[in-house]
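Trainee: Put the two chains together into one complex, using the hints given.
Quick mapping for you: the protein sequence lines, in order, are chains A and B.
Just so you know, we're using the UniProt record's numbering here: the first sequence kicks off at 1 and counts up by one.
Just so you know, we're using the UniProt record's numbering here: the second sequence kicks off at 1 and counts up by one.
No wet-lab data here; the hints were simulated from the structure.
The structure presented is a predicted model; accordingly, all values stated were derived computationally and were not measured.
Accuracy of the hints is not assured; some may be wrong.
What the hints assert, rightly or not - Stretch-level coverage of chain B by chain A, calculated; a stretch enters the list once three of its residues show a Cβ under 8 angstroms from a Cβ in chain A:
# : stretch
1 : 4-11
2 : 40-46
3 : 120-128
Stated by the list, open to error - Residues of chain A placed beyond 12 angstroms of chain B at every Cβ, according to the derived structure:
# : residue
4 : Lys7
5 : Thr60
6 : Arg92
7 : His343
8 : His345
For every residue, glycine included, the Cβ atom is placed at its ideal position computed from N, Cα and C.
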Amino acid sequence: MSFDVAKIRQDFPILNETIHGRPLVYLDNAASTQKPKAVLDTLRHVYEHDYANVHRGVHTLSQRATDLFEGAREKVRTFINARKIEEIIFVRGTTEAINLVAQSYGRSKLQAGDEILITTMEHHSNIVPWQIVCQQTGAVLKVAPINLAGEVLMEEFEGLLNERTKLVSVVHMSNALGTINPVQRIVELAHARGIPVMLDGAQAIPHMIVDVQALDCDFYAFSGHKLCGPTGIGVLYGKEALLKAMPPWQGGGDMIRMVTFAKTEYNTLPYKFEAGTPAIAETIGLGAAVDYLQAIGMDNIAAYEQQLLHYATQKALEIPTLKIIGTASDKGAILGFTLHHIHPHDIGTLLDQLGVAVRAGHHCAMPVMDFFGVPATARASFSFYNTHEEVDVLIDGIKQLIEVFG
Amino acid sequence: MFDEIRDLYQEVVFDHNRNPRNFRVMEDATRKIDGFNPLCGDRITLYVKVKDNVIEDVSFQGSGCAISTASASLMTEIVRGHTEEETHGLFELFHNIVTGEDQRTNFDELGKLAVLAGVRAYPARVKCATLAWHSLEAALKEEAETVSTE
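Pulled out of the complex, with its shape left as it was, chain B reads as follows (with noise of 0.2 angstroms):
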């Protein structure tokens, strides 16, 4: 019945909405920054920790649908052990794919990030996908204030 909407919502996405990896508060995080979608009302808190100009780690807390709590939990997953350049990279990629801007067929590039690929296809949810990493963003910027994904 739901044959159509597997794009979206892969076994993956099931997983990391079920079990999202790095889901915890981090005491020692050099930033920390709140993410909010004020349409749906998702919120998520996230951590970072930055050294030498590399993300050491990521976690985050909060409330989404699946679509938002899986992108933030691959989201940590990926980025750790990457410079602030090589994230920045992956969001602009990963933000372009989804919003559609980037038509590619070939998600390679986008490692584990490719199961969300499926959200091209719904305008409606790009925001959720993406509010973990409008967040990261911020963050990586030293953006004081919450979040907004409007």
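Chain A extracted, bound-state conformation (with noise of 0.2 angstroms):
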């Protein structure tokens, strides 16, 4: 096999822990992922070598920082093939990128009786934000159902579609369920309609390769930290002739051209949307992140982990107590499962015994819980460091928590 897992976990210091006295099996990577020593490495360089506030001093170091901040913004719009630089806005995450698309694009444009549509198994930033926007405007929410495999029924989300939608927002992978939704036909539906459509990529982002223009999203968000990067930067695109037209979302320094006290002036794009001193360190962080992703190619990764997930998933189905969650054709490396009688939060705890990090609960996706009729599940989220033996000891561990449980 070309791709070398076991070289790969040598960039991951992290992966040397031991939990309880064991190897550190780390299944949590939908919540977040390691991060590797390129950019362990940059973060340290940043702040001994290159720091200083960005868009500002004429001084040398201001100018270094700035040269690296906007570099990784040249870095993310390749990662993503937007058309322009101008089309990359720096936030904190994914659920800030909605949020600004809410308050600025939603905000202006919705009237009462208008529709945002979205879909069953969002996350909850990819509900509260639009519940937010539609208390302040009289706009109303829909919601695209799903069937028991976790899929979007698409003949019923184009029924949800009319003259009153003004946004869909979907979300590109599920983080409970770890469904890949078709969010080309999606956009498609949408756009044949005249709607423009947000695309939620948290999840779907470190796992294939991603390209807006392909799509033809009018946004789509994501957070650094679950592609290997810092916490505290994230990524919206959108279509600059769209974000051109949408007001501001917050004010203050960066984003203004001339302020007086009778007017102010806003900057350009990116800047328009990029109030106050950005988390520079982490940005740059997530150009390094983005730049060792790439030198290992999101192709590679997405066959390897698709490799990963089957064979758990052949695994996980040889215990006959044990329910997959989210059985979708079209599925990312996230196994959500539930064992009969046994609650996902003994199982997290029992599991973290063994060294296995687990996530256990509702995935901040309660309306997918309901709908599944499961208070929380337990769900094994697998990166590109992990390994086909990592699965084996979740299964084994699986294996004797059932039996301690009798």
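Mentor: Now the structure itself:
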């Protein structure tokens, strides 16, 4: 196999940790990924050699920091194949990106009776910002249903599109179910009716090639920390024409061109949406993460993770009392499951004793839990630095805890 | 393999999880309250019958992990027949022990609840063990709203 996971693991210092005396098996990558040395070294290097505020000073260090900061923007642009750097807005994360679109685009466009269309499988961060803007404007939130495999019912989805629909906002890959939505088709259907589409890419972007021009989506949001980058930095991609027409969201420094007490002239894109001092080192760190991932190749990562998921799924199916939640035909490397009579919280604590980190809970997707009639699930989510041996540790741990619970 | 964790998952805990005591709706409850742990989605509905300042009966319904179910079950057994003040005192003692504020190593005062003392080594699970108790405290104070562990 061309994919050398042993070599890749050496890039991640934290993978040498032991938990309760056992090697860490980190399977909570959908919550956040670990950081490679390339990113850690970059953060340290920035603070030791290149750090000053950006877009301000005439002094050398400020210029150096600005060049690195803007260099990261160009790296991100290439990574998602956006047309222009003006279309790359740095935000804190996916949540802030969606709130930005809701409050800037949504609030200025929506009127009472207008509709926003989402799906049942959304993360709370792609539900609540829309509920807030609906309260503010009198718009109505519509929800496209899913089937028991965790797939959007496309006929129902299409049926919900109408002349009142002003925006569609859909998750690219579900954090609770692993479902990869047919976003290209969703965009086609919406665009055929002149409706813009926002994609929540928080989970999708670490696992596949994302090309925003090929997708033709109008907005795409993701977080750096799920992409081997630092926390506190994320990206909102938006088509230039839409971003240009949108009012600023937050006011402050950097987002203005000229301020008097009578009138303020806003800065151009992307700075119009970047009020205040940004997360400078984190942004540069995100650039390093993107470089790191591109060197491995997102297509290689996707192929390897699909093997891991297939292996884990086959092994999980051998356990009679285990039920997989999320069985879409197009799925990313997430294994959500429940065990008969054993609560996910207990699964999480017991697996932790074996060094295995999984998430237990509602995954900030309570409507999904309601749909499947469970209070919570356990979730093993994989990254390209996980191994087949780690899957074996997980499966063996599940079998043991079933025995302990009797 | 799971030796160390036996402090948390004692046989009594498994027993109360499998067969929770007083797991029923109480038609003649004088107070009823919903408890919720937003972190994990555990839900409890607690029914309390208080007469002349004494807890005559407690029962519960809901869904949660082994720790929260066993804790609720044990609580319904232990507080029956106690006054509201005694119950409040027991809540404080239990709460302080599982959160580690009270570092004692002798748990005799806890009686049956001592099996849950091991929770103090698992900070992530303290809320599981205290959900029922927070709900009971609120019920005794007659707080009408849903109780949250947050």
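Trainee: Please write out, lowest number first, the hints stated earlier that are contradicted by the structure.
Mentor: 7 and 8
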